[in-house]
Amino acid sequence: MNQFSTTLCALLWLLAISVGLAQTPRPVTGRVLSKTDGKGLPGANVVIKGTTNGATTNADGTFTLSASPDATLVVSYIGYVSQDIALGNRTMLDIALAEDAGQLGEVVITALGIARDKKALGYNVQELKGSELTQARPTNLLNALSGKIAGVQVTNSNGQPGSSSRIMIRGANSIGNNNQPLFVVDGIPIDNGSYNTSPSSAATNTNNVTVDYGNGAAAINPDDIETITVLKGANAAALYGSRAANGVILVTTKSGKNSKGLGVSVNSNVTTERPFRLPDYQNEYGQGSKGLFSYVDGRGGGIADGVDESWGPKLDGRLLPQYNSPVDANGVRTPTPWVANPDNIKNFHQTGVTSSQNVAITGGSDKGDFRLSYTNLYQKGMYPNTNYKRSTVALNAGYTLAKNLTARASINYIRDGSDNRQNLNLYWTWFGRQVDLNDLKQDVVPDTDPSQWPVARNWNSNYWNNPYYVLNRQTYANDKDRVVGNAQLTYKPLSWLTIMGRTGMDYGLDRRTTKRARGVGLVNGEFFNDNVFTREMNTDFLITGDKQFGDLRVTVNAGGNRRFTYFQRDYLGAPELKIPNLYNIANSAVQVNVYNRMTSKMVNSLYGSAGFSYKDYLFLDVTARNDWSSTLPAGNRSYFYPSVSASAVLTDMLGFQSSTLPYLKLRAGWAQVGNDTDPYSLQQVFTAESPWGTTTTFSENNLIFNSNLKPEMTQATEVGIETRLFQNRINAEVTYYDKKTSNQILRANVPQSSGYFNSIINAGQIRNSGWEVELSGSPIKTAGFRWDVTVNYARNRSEVIDLGGLTNYQINTGALLRNVILEARPGYAYGNFYGTYYRRDPSGSLIFDPATGYPVMSSDRKVIGNIMPKWTGGIQNSFTYKAFTFSTLFDVRMGGQLFAHSVNIGRYTGVLKETLPGREGNIVGQGVVETKNADGTFSYAPNTKAVVQPEDYYHNFYNRNNNEAYMFDADYIKWREAKLSVALPVRLLSRIGVKGATFALVGRNLALLHSKVPHIDPETSYYGDGNVQGFENGNIPSARSIGFNLGFTF
Amino acid sequence: MKKTLLLALSFFALTACENNFDAINANPNDPTSLPPELLMPHGIKLAVNSVVGGSLGLDVGPLWSQHLARIQYTEIDQYNFTTDTQDTPWQNLYVEANGDFQKIIELGKAGNNENYQAIGLIMRSYAFAQLTDVYGDIPYKEALLGTKGTTYPKYDAQKDVYAGLVADLKTANDLINAKTVNKDGDILFGGNMTLWKKFANSLSLRLLNRMLDKADAPINAKTEMARILGDPAKYPVLASNADNVQLLYLADAPNNNPVNQNRKTRDDHRVSKSLTDRLTALNDPRLAVFANKDATTGKYVGVANGLTNTEAGNLGLAKTSKIGDYFTAARVPGVLMSFAELNFIKAEAALKGVTAAGDAATAYEAGIKASMTQFGATLPADYLKTAALQTGTAGLTQVLEQKWLALFGQDLEAWTEVRRTGIPVLKAPTVSYNEGQIPQRLPYPASEENLNGENFKAALARMGGPNTMKLKMWWSK
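Here the protein sequences come in this chain order: L and H.
Heads up: the first sequence begins at 17 in this note's numbering, then just goes up one per residue.
Heads up: the second sequence begins at 872 in this note's numbering, then just goes up one per residue.
Calculated directly from the structure, the hints in this document are not laboratory data.
Any given hint might turn out to be false.
[Stated by the list, open to error] 25 Å max Cα-Cα, derived DMTMM-like pairs, lysine to aspartate or glutamate:
| no. | chain 1 | residue 1 | chain 2 | residue 2 |
| --- | --- | --- | --- | --- |
| 1 | H | Lys-1170 | L | Glu-592 |
| 2 | H | Lys-1341 | L | Asp-865 |
| 3 | H | Lys-1298 | L | Asp-968 |
| 4 | L | Lys-948 | H | Glu-1306 |
| 5 | H | Lys-1012 | H | Asp-1055 |
| 6 | H | Lys-1025 | H | Glu-985 |
| 7 | L | Lys-594 | H | Asp-1196 |
| 8 | L | Lys-726 | H | Asp-1087 |
| 9 | H | Lys-1328 | L | Glu-592 |
| 10 | H | Lys-1012 | H | Glu-1306 |
| 11 | L | Lys-362 | L | Glu-242 |
| 12 | L | Lys-878 | H | Glu-985 |
| 13 | L | Lys-929 | L | Asp-876 |
| 14 | H | Lys-1135 | L | Glu-592 |
| 15 | L | Lys-929 | L | Asp-207 |
| 16 | L | Lys-276 | L | Glu-242 |
| 17 | H | Lys-1190 | L | Asp-632 |
| 18 | L | Lys-51 | L | Asp-818 |
| 19 | L | Lys-961 | L | Glu-930 |
| 20 | H | Lys-1328 | H | Glu-985 |
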């Protein structure tokens, strides 16, 4: 059965149920309003007491129903106090509802887009308003969540425009699979994949990432977001099934609901970017080795001129032949002064600019509404010739087709991409500190034949191309079309019954083109064309019954979903070009590289939930879901999982509500969520290899497939307490959770002597438990001034309990940075760094080799760190005085480590400041030497051996292969956001039709208040948004951004 | 009521769809079955590339046999290296090469083509032989059975691996019959099964030669050598340079010679002073083939092994001799075994009393001639007179010195012979991470320590020490 027929089925059900509806007496029309602002309340329930007959209000709050004069109408709306109204002779009436103080209007969107009263929930849900995302906006939506929600950890990969971010909720559930939450836009799951792994390495299952193309959910435009709801636990997400085991981020886009007539809004946001943090370089010694340098050809033709390290002569103005020294008629270089250029790297970064312009039109009438929005974002990177572009057109419209039948559709077209995502890994760590980078702007020697490129000016020609040459002529571009949309029909045959059918799609086609001109390490240039196509179709239906029986209100949902995902990647590469700088696959000088892959997956699901509410203070929810996944073997492909949660509002239940304690709620929940696996994991296949000349070639697969896989299972328990104190001045919510995922589907490494790299197995268990605290309050609340503060804190403990007999599971595979292994190991938190370390005496002093004077590195490896933070948190403060609002956000991460490869190399090469002490020679390392005694014990004496050459000392002290030396605590406290906004006086602008205007000065990533990592931003990820976290490799630094936001409504 | 009905209906509709789940989850990209010849190019290429390229072929072999020396990043020339040096060859030979060969044997059996079984066996034996010579004891009998349920193979003692390989190679020789083998898939011999036989038997002789002095050898090496050399009709061996076992690389990446590929972007190697000194002393014409003159003075300048980076830098890239152009061409063959080597094996065997090996001096001279021809050098008129084979130990030394020269380009084999015989006498560099000794082996990769710990520990216990470069091979004890 295909998509179409499923949709048809859903429509048939709708028809079937609509048969046989009839009413008697006279028609009554009315409008339900909010007492607070007099606006219509859409979706309010109007029911004739004692019957199941009634109506729901439409967009502007109006309703129509039939009732006899003796009827009493029960009018209810979530977050408001219900009213009973005797109809009498009226056929037209306005009903004003008062806000329920005990609820404070806390209605949240929960799983499947169901709006729920927050107090009825037996689990934690947190919400962000769209307005919190638009002013101090990051380009990547995920970064906007950082520090704002307890238990949500966001890591921005690097400072490249359009780069990816990783988001993880309540720790890592899965040892080897995805650990990021599911993203749902208007009820339709969307793709958050980054597909950054290059296809050639994808074939051998490695984590190599050369370029960061961003993650799928990053592209959601903040201007179009009404709210973001974070469903953290398995309970909250149980109805979403498999992919929700890591939580769900629900995005509800703006619509024209609640609007009357035509409205226009315009928003303009412009920020500038400078590097957030640059390394502390030394500026006393230049390029070279053992204090010597003299340039001839940059390839070793002169004295140490092939060396890309800074162990050369003192930068004292002496005259030396340099790459940019003038060359006389005889080809001899005239020596020029050897001087420091302390700001060479700082000045290499240009000021980035991000401009985001949005215009939106909304309209509404009693029949329908719409919102049409266009946003254009352009970001100029801090590296020359890098950028990111995004245009978004969003349309969201609804229409009442007939009485009780409404249609709604939303479509977002997003085009994003970049002309260049070049990130110059480690350029400034293998470096000569004296280099005047400004001089290199002339990247190609003028008047040279392009086919002879690079006849480039550069300080080194042995290993490095001129950086401007690389940025201008070795580009990684992409251009992606994305359509996310859905259409739904809602039928409400009875006042208590709603039937909804919906179908949605997320379609993405990313065309990536890499054009690299010839250069060092690339003799003939190369060209790659990589098309990544993703399509996810979801069709679902949901039947909701909601009925009051005396004091008991029962809500029942039943639904089903079919998901079909399709992925295709077509990659063509010309690894050497015949005609230089002609970027066409047909111009390949050698065999073309080809990679071609298609995968399909289908999951069918049925689910249901029942919610019971007793006197609006005692609540019980049960859910059940069964999935059928195409990726599992026939016997295990169907799997069922339930959840149950309960909550009690004690203040209402026991009647001790007071102004000191107006609200106290306890809640508890238990849930199970099953998970399937990737397609084609069951049957052993051969791997296609690049042909031998014209001979087609395959190889035995490196992976042992498994035809007996079972679904993974996550079990979670969650308890919490929610309270409001002192006339609602303080809100507090505390949650404890404990979850275990077992039967994990792993690609476990096996000894290679078995003939294979890894084997797909069902094994292992991981546990995450933790506390979350959310506090908010208004310490000062006077007529003119208001101070609001929100604090969140989350502590997660992760433990790998079992790996099915494996001693460890390697998370990173393929080419590793300095061979540091990232692994899961039973008894430890998820994500250990495993590597080499300094040998130390029992007191912890470094052991030196008495013969050489160098510290001794271990010959084995051990656990030297872990990626998981101990706790994360944030503090938001907001001060409002009349029309002015100032708000700030501090973002905290404590615990866990980072492997900083650029620090590793920068120390080895002598470019960093800490390599200055002892530069004049004879360094004696602080530590001990070890002597083995006759009885087998060891004794230690202070090291006295002096190393003559500082270069030799530091090369060995900062041994590149000593992993422990570059593990740093990844703690940070960041001043993440600041906004100063003012509501402009509308009176002045009303003549030109302006109804409202706000201006804001905004800043992001303003300061690093605490860090234990030297030189770099501790928030970074070389490998992008996958499970391989905690590695840094000299990427573009992250940005501090400062600018303004200006918004008008007409 | 209606709702229940609907639920039931949809349940049927949805579960009915499970019927095509098998089709949805059928992999459209990769084959589940194929003929064995499609596996041959990859397996053979990876096996040869691991030996003539990668860490073994580019660095471990040529530097530690002192054929070449490093002029940049000299650490590995001082026996200081990153773990991928030991990880990658293990990985490539076991997973990429032997994974394919094991499957070729299986498919040959299933398809009743003995010749594919033989090819699989011979190539697998070649790869196992390289592995055991580099690492010592290795998983052999229980290896390569990952899909058959043995994921944690036990290690076999090197002597048992040797004996097993000689038996495997005999089996392969005996299996070969008149059935056809796909010419395109057989990128080594183009389907010529006689050449496969010659390779199998010559490889056996190489292994047996190393067992000659071993009293604890599980098989009688002399008898086995006599079996082969005494019956050339049944057990043919390499008979001329035309029979050399070599992979003829193609012009373009990724099928070009790995040295060619390396030199496109790197310039870290020079010929070793140990080599230039000996060739100069012998007035050997191969010097002009093995080395280029330096770019500055136009002389042959070899570089001492294991210099510090500064010392090397001061010598200068332009003032030292690169490896000869012959070896950096795209299509230069990757040699697995040469006629010259076989002659030196015969000469040594003859000196050690294997009568079937014939006359030692004849074989020795044939070896020198074959090597000169192989590298396109003209044998000087007085060369053989000057280098005439002496008797006793001096003669053996001459054989092994000439073998070391002839193995230029087969540098891993040269390192193995240096370790086994100590000839030529080579000096370990001053700065040495192996206590002033030429390494005896590569340590096992960390993956085995992590994943196959118990078997790994048992192997080290048997070999008698920790996982270092110092542990001696069985054949060099």
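Which hints from the list above does the structure break, by number from lowest to highest?
-> Checked against the structure, the hints that fail are numbers 1, 5, 6, 8, 9, 10, 11, 12, 13, 15, 17, 18, 20, while the rest are satisfied.
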